[in-house]
Amino acid sequence: MLRTIKFQREAEPEWARQVSERPGCEGLFSCLQCGSCSGACPLSIYMDYTPRRIIALVREGFRKDALSSMTIWLCASCYSCAVHCPRQIRVTDLMYGLKREAMQSHLYPAHLPAPVLAREFYNMVRRRGRSSEFWLVLRMALKSNPFVLLGMTRTGWDLFRTGRLSLKRERIKGMSELRALVGREVAR
Amino acid sequence: MNPYGYFPGCSLRATGVAYEESLLTLFRLLDLPLEELRDWNCCGATSYMSIDEESAFQLSARNLALAHKAECRDLLAPCSACYLVLRKTQDYVERYPAIGKRVKESLAAANLPVLDGVRVRHPLEVLYTDVGVERIRSRVVRKWSGGRVACYYGCQIVRPFEEVDRAHNPTRMDELLGAIGAPTVEYPLKTACCGGALTGTMHPIGVRMNYILLKEAVRKGAQAIVTVCPLCQYNLDAYQSEIRGKTSTPVDMPILYFTQVLGWALGADAESLGLKRAISGRKFLEQWFSKETQEAEAYV
Amino acid sequence: MPEDFEPRIVAFFCNWCTYLAADLAGTSRIKYLPNAEVVRVMCSGRIDVQFVLKAFAKGADGVLIGGCHPGDCHYQEGNYKCLRRFRLVQRLLKQMGIEQERLRLEWISAAEGDRVRVVINDMVQTLKRLGPAPKLVEQAADLTEVNA
Amino acid sequence: MSENNGSNGAVRIGVYTCHCGANIAATVDVKAVAEYARSLPNVAVSREYKYMCSDPGQDLIRQDIRDHQLNRVVVASCSPHLHEHTFRTALKVGGLNPFFFHMVNIREQASWVHENKIHATRKAKDLVRAAVRRVARHEALERGRVAIHPDVLVVGGGIAGIHAALTLANAGKHVFLVEREATIGGHMAKFDKTFPTLDCAACILTPKMSAVRAHPNITLWTYAEVTQVDGFVGSYKVTVNRRPRYVDEDLCAGCLDCIEACVYKQAKVPDEFNMNLGKRKPIYVPFPQAVPLVPVIDPETCIQFKSGKCKKTCVDACGERHAINLRAEAKQETIEVGTVILSTGFQTFDAARTPEYGYGVHPNVYTALEVERLVNASGPTNGEVVMRDGKTPGAVGIIHCVGSRDERTNRWCSRVCCMYSLKLAHLIKEHTGAEIFNFYIDMRTPGKGFEEFYQKLLSERVHFVRGRVAEVTDWALQPSEEGKLVIQVEDTLAGFVRRIPVDMVVLATGLEPHADAQEVRRMFNITCAREGFFLERHPKLAPVNTFTDGIFLAGCCQGPKDIPDTVAQAGAAAAEAMALIDAGYVETEPNTAHVMEEVCAGCKTCIPMCPYHAISFMLDIHKSHINEALCKGCGTCVAACPAGAIKQNLFDDDEIFEEIEGILTNA
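Protein chains in written order, with this note's numbering: chain F, 1 to 188; chain H, 1 to 300; chain U, 1 to 148; chain L, 1 to 667.
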């Protein structure tokens, strides 16, 4: 989209308020926009919006822009931002919240493997109680972009010959207990 | 003494199997009893948290409840992701009454005990505080025969909870390795991020992050990197060949677990430390941890 | 106990620390529950056993005493004298069947405006849980007459 | 007209409820309160008015006293700490004893702290009812007077203390100036130039320093600390501990031959005055213009003190003067003063507390104060900006807000860092021609000529990057970064992350209270604000007063400020002290206690209660007696007396009982 002007009617201040009430985001409105988070972030250089700009978007209520950004899916949750923030905002937790919302409202960038991995991981753990790396990567690849598998053959072989590639599909005994705890439905 | 509860986590049963092998060996050598948590479930890691926070906490709640049921005071989580998620769950349950309430309710629904009194801990911190640098030093039976190493702490054991070590410039691993005579280098990226799952989801970016870590280690004169997390170890270990192919850095260095290095110094053999499972820097590993050195460098 | 029970608290604040803290809470527009009403004394050392008993006798559900932190008393050690008397009254109230939590002593310095909010709100919650002060207050009334 | 002492006739109370504009009226239904007050016993008049403290407001009271023969007055408005005096005076002018008055605080304790109008109004009514009942019991009282000792104690010899001392001394008051360090001058003496005018700090400070030394009205004690303070406004007894400098100030002529003669041919000891960037000898003067210009011997490093086996060449060098006395001991001085000015200053934030900037790890990371010494012509490098590695920097990064505006360290803005960073940027560029990068969160240049200075720097092509630096590291991502310090920061205006290689990093560390500010506070019986700076009586209207009469504040001990503001505040503090001294006395609150001899059983319980030894025991009649001149009116003895034989003016039992009952009797 070419237009760069933002009309105030596009802002959702109420949403901003809700976000500021999430755990770890209490400091949202006290953000100085100092950029410590972005400077400390090992991935900000690849992001479409730096973490600081995400905060700016969120607190001004530009929901769509924030939720459809690549940024939130690039966050590796290393918490570097959190320990550098002079306002002690848990930026990482803010990102988690945005990821969850982006998933629910299907606003995440299509063909991005990260959300797919998250979903597959989630479902696998809910179905079996544990994750099995091999099957997980396989499903992620198949559901996002099968070609990544080609790039992985070398690594796969290395792992296999060093006995680090387990084909076992893990499953816990207490599945019923787990379901009672977390429920049974899975993410689409 | 009553044993430490042990939460392996999924990785230590796959790509990180060497971590489990060396950890168990090391703890045996130090006569520290470990008891695996019965029927533990996945910690949920970062991905699960990205879909559903509440049930992410419930997942960890089950593990904590199991630990509580097994009456273990300390729950060991060697994987940084597991450590953080379990610790974070405790923290949020405690700091946010709403979350605490929901978690406790769901535990009751699964008739599990409420979680309390369990301390989530990382082996690095256990070795540093419970065992101590001096006791490690006194137990050394084998001189370090390897090269200079860079201690790499990664992210989630020092951030945001500064309980395993300081968030800025942690030094506990350096001190422990110092005690067994392994020369460590000043490594400014010791708490930088390895990219985690990005090597899988956004491959080029993930690999580049590890390229930066390796390059700086080389620049600082390190011949190996020592890690505390299965994912860090995997990322740094598995993609070196790819990096060699794509960059001018002819890097081929061993990526070890701190448990392997300590275990070797305390007399364990390469097999039981999973040293054969390395992908990169194998030639160094063969020199450093060969039968000969086992004999030659042995004290007495 | 009725849901809409609003406890009444008589608060004795010393002029130099806690009263100033309350002023600070005001100038900082800190909001707290309106159940406490303040009687200003120059020093917490002035607070007489009878003041407390009188308050309970006349229908207070709680009494709050605010003084300077130990070592900070404007009159050197009035707050220690207050502390000693506080312990005495607590025992006295116990004998009269008035719960200990109804009498509270807090050191609040002039800089701790927010502490006033925390303490008063917390005390109101406690008193709501306890309900109105027990009937025994009549006894207390007699006792005050005796002492006075 | 003669003052009405209320004895004649029935109690007639006037109640005045203040709107305070909307401050009260917005949350408290003042009309309802006034209406309610009218219904209370003994109330003759009840009014509400926009601003009771205004002249027309006070006139209302005076008028009613005449027209309605009022003999008691209650004003429901703000805190008595703000306007009790105002209204008491109004009563006096109106011909009524000023203590037939009670004030109700329905602003700080009702309208400002509650949101629900019904509750706030109810509370206001309760408090008014209590006051009405209380005031009926009030009695006519007379203020006592305390003479003010004309001498003044000034604690701290920085620019604030120096200016306050000189102002007072020039007005003919005798001043004791006590300084902890070996010389006066404080932080300012370490600065090279001052912003924004760039006039040299030494040139404007040292004349004032020597003026202090020369002034007949100033007793200067350096290397000394106040250890005890007793008494009250008018007559403080102060004990000062003068640490031995082992060189007698009276005998020393300041020739400094002893330093020359020291067995240490080379200076070997880290020089504190130069932020340990230079070296000094065990016997030294902090800097050439030190006042007093008398050397100090540092027993930690002097061979004679450590081993007793020194040739003592310093003593020989001093020769006939015999100014050096290695056996000197600490001296206790006890003085009496009427007023005190605290100008104890600040300490700079310890940069090691922000580990991400590598202070103490990377040698070429400096604090601003260190750089002040580097650019200073009389500094360790004679004004040459050479780094610890001996090189001259080609690129310098100045990081703002280090230990300021940060929840994890100090939350406040230190006010001076932006401007001194600009100053240092200019000076470093001037000295070295280096590329300078300023990293700021917000540029704060509010002050005369400040903005112009900022403009000047911009035109000097100094870089300004808006972003708080995340890390200063020595790892290289690029060949261009090899051997450099790399500043990693988001350029928040350009919107991307930058890595900027520099040779030198300057940390603009903030200002914070002294580590021992709390002890000082206790000693002088004053208050600290949340962040630890001394608390002024009122942020707008009494910025140099404290809540303790006769103790005034000047300079950064009250909060971060620049030199002009500090000097202005020092002048103001001096003026406040003078106002007391020239009045010759202060009126005291009449809230003293007295024994009713007919009731006193002579049990002596009260005697140990009094911290001021105001209570004596009269053996002849076997009863206690309170010396009202010594009584400070805390009332501790009153509460302690088992017989209820002691009464306290303004806070007597019946007055407080009335207040308690008033609060609790439901409307």
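Hints were generated in silico from the structure; no laboratory data involved. Just so it is clear, CB atoms sit at the ideal spot from N, CA and C, and this is done for glycine as well. Treat each hint with caution, since some may be false.
[Said to hold, decoys possible] Think about it this way: if two alpha-carbon atoms lie no more than 27 Å apart in a straight line, the pair counts; the simulated DSSO-like pairs of lysine-lysine are:
| hint | chain 1 | residue 1 | chain 2 | residue 2 |
| --- | --- | --- | --- | --- |
| 1 | H | 104 | H | 215 |
| 2 | L | 237 | L | 331 |
| 3 | U | 128 | H | 101 |
| 4 | H | 104 | F | 173 |
| 5 | L | 50 | U | 31 |
| 6 | U | 128 | L | 117 |
[Claimed, not checked] To list a few chain L residues with every Cβ distance to chain F over 10 Å, as calculated:
| hint | residue |
| --- | --- |
| 7 | 445 |
| 8 | 449 |
| 9 | 488 |
Hint check results:
1. H:104 to H:215: Not satisfied, since the Cα-Cα distance of roughly 47 Å exceeds 27 Å.
2. L:237 to L:331: holds, 16 Å
3. U:128 to H:101: holds, 22 Å
4. H:104 to F:173: holds, 22 Å
5. L:50 to U:31: Holds, because 24 Å separates the two Cα atoms, which is no more than 27 Å.
6. U:128 to L:117: Roughly 21 Å separates the two Cα atoms, so the pair holds.
7. 445: Label holds. Min Cβ-Cβ 18 Å, cutoff 10 Å.
8. 449: holds, 27 Å
9. 488: violated, 5 Å
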